[in-house]
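With the hints as extra help, turn the sequences into a complete structure.
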Amino acid sequence: PQAFPMLVGDMDNSGSLNAQMLHLVAERIRTKAVFQTHQAKFVTWQFDGEYRGDDCTATLTLGNPDLLGESGERDVVPPRPGCQARGGPSAEGRVVPAVILVAHFLQSITSRLVLGGEMVYHRRPGEEGAILTLAGKYTALKWVATLNVGYGGAHASYYHRANEQVSV
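Residue numbers for the sequence shown follow UniProt numbering, beginning at 1 and rising by one.
Because the hints were derived from the structure by calculation, they are not lab data. Ideal Cβ positions, reconstructed from N, Cα and C, are used throughout, including at glycine. One or more hints might be untrue.
Stated by the list, open to error - Below, in silico cross-link-like pairs of lysine to any residue (SDA-like), each with a Cα-Cα straight-line distance of 25 Å or less:
| id | residue 1 | residue 2 |
| --- | --- | --- |
| 1 | LYS137 | ASP55 |
| 2 | LYS137 | ALA58 |
| 3 | LYS32 | HIS122 |
| 4 | LYS137 | TYR158 |
| 5 | LYS41 | ASP12 |
To be verified - Each pair of labels, with its calculated beta carbon distance range:
| id | residue 1 | residue 2 | range |
| --- | --- | --- | --- |
| 6 | ASP55 | ALA145 | 17 to 23 Å |
| 7 | TYR121 | VAL25 | 20 to 26 Å |
| 8 | GLN165 | THR37 | 44 to 50 Å |
| 9 | GLN107 | TYR159 | 17 to 23 Å |
Written out as structure tokens, the structure is:
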């Protein structure tokens, strides 16, 4: 049995840190936070929330959120009328932090068929977009086939167990 919350990390000689914190909020809900620093500066943050049902799984991931430092770049859009940036009016535009949001959902349709999808949203100065990928997996007695279809094309895989010693 695992004990929660769980904190795992390592630090190198220069003070760079990789750390993860896992917490089981409820029997079916797990959260994870990942932090990475390089010489005392935050490099990457990631927060995950996962729900595991009897026949489905849903995950939401927020990557690189800049909650404290406004380290994003200046957007080319001027500030809204009547709004002021910190320190007074600014003609440079507002700070737009880079962020990535990923949502997964998998649902067992039958004991052998699982269908689901993934949506990835990203935003950074001058660029914003979302990509949707649909996925399926069929499991037979001696083989498994998967198919992913999305913006980048399609990817199929097949695994066959010939006998106890050989898998293709």
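Which earlier hints can't be squared with this structure?
-> Result: no hint breaks.
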